[in-house]
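**Q** Line by line, the protein sequences give chains R and D. Per this note's numbering, the first sequence starts with residue 1, numbered consecutively. Per this note's numbering, the second sequence starts with residue 1, numbered consecutively.
Check each hint, because a few of them may be wrong.
Said to hold, decoys possible - 25 angstroms max Cα-Cα, derived DSS-like pairs, lysine-lysine:
id, chain 1, residue 1, chain 2, residue 2
1, D, Lys78, R, Lys30
2, D, Lys30, R, Lys4
3, R, Lys30, R, Lys4
4, R, Lys30, D, Lys4
5, D, Lys30, D, Lys4
Honestly, the hints are just simulated from the structure, not real lab data.
Number of protein chains: 2
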Amino acid sequence: MRTKAIFYHAGCSVCVSAEQQFAAALDPTKFDVEIVNFASAPERIAEAERAGVASVPAFVIDGAPFHINFGASMADVKGGA
Amino acid sequence: MRTKAIFYHAGCSVCVSAEQQFAAALDPTKFDVEIVNFASAPERIAEAERAGVASVPAFVIDGAPFHINFGASMADVKGGA
Numbered sequence: 001m002r003t004k005a006i007f008y009h010a011g012c013s014v015c016v017s018a019e020q021q022f023a024a025a026l027d028p029t030k031f032d033v034e035i036v037n038f039a040s041a042p043e044r045i046a047e048a049e050r051a052g053v054a055s056v057p058a059f060v061i062d063g064a065p066f067h068i069n070f071g072a073s074m075a076d077v078k079g080g081a
Numbered sequence: 001m002r003t004k005a006i007f008y009h010a011g012c013s014v015c016v017s018a019e020q021q022f023a024a025a026l027d028p029t030k031f032d033v034e035i036v037n038f039a040s041a042p043e044r045i046a047e048a049e050r051a052g053v054a055s056v057p058a059f060v061i062d063g064a065p066f067h068i069n070f071g072a073s074m075a076d077v078k079g080g081a
């Protein structure tokens with residue numbers, strides 16, 4: 001079974017760079033990658049925070065958060081920055 | 001041709017977690033992954049810093065640094081922390 005990997009971002013330039021390098025880089029035989037943009041899916045913010053996401057861009061793989069560089073804090077995301 | 005992806009770390013617990021999830025996760029048909037542990041290869045520190053690595057664990061893919069969570073700063077690494 002493939003592992004679920006969710007890539008959360010907010011459309012920022014740091015996010016796009018990470019998405020292009022990482023979201024497309026994971027081995028498709030091992031991972032089922034979902035990309036969530038909070039700008040179009042704000043209802044997913046709570047779920048990301050519960051998984052420990054503190055900033056974007058970030059992956060949640062197997063329930064564990066991995067922040068990649070720093071684009072914006074979740075406070076910024078919620079503030080619409 | 002596969003893209004070179006170098007994973008730099010320093011043996012810390014955050015590093016090991018990122019290594020297990022990411023270094024093994026990249027699509028092997030697209031990436032040639034090299035893992036560098038500064039504890040055993042301190043001579044690679046300068047090269048990582050030139051690529052923009054500010055903390056570990058971090059990937060350098062196509063020359064661009066991607067910091068994953070935060071294990072230790074490069075100052076800590078050089079100080080032997």
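**Q** Each hint: holds or not?
**A** Status of each hint after checking the structure:
| no. | hint | result |
| --- | --- | --- |
| 1 | Lys78(D) with Lys30(R) | violated (35 angstroms) |
| 2 | Lys30(D) with Lys4(R) | holds (20 angstroms) |
| 3 | Lys30(R) with Lys4(R) | holds (9 angstroms) |
| 4 | Lys30(R) with Lys4(D) | holds (20 angstroms) |
| 5 | Lys30(D) with Lys4(D) | holds (9 angstroms) |
The structure is inconsistent with hint 1 alone, although it conforms to all the rest.
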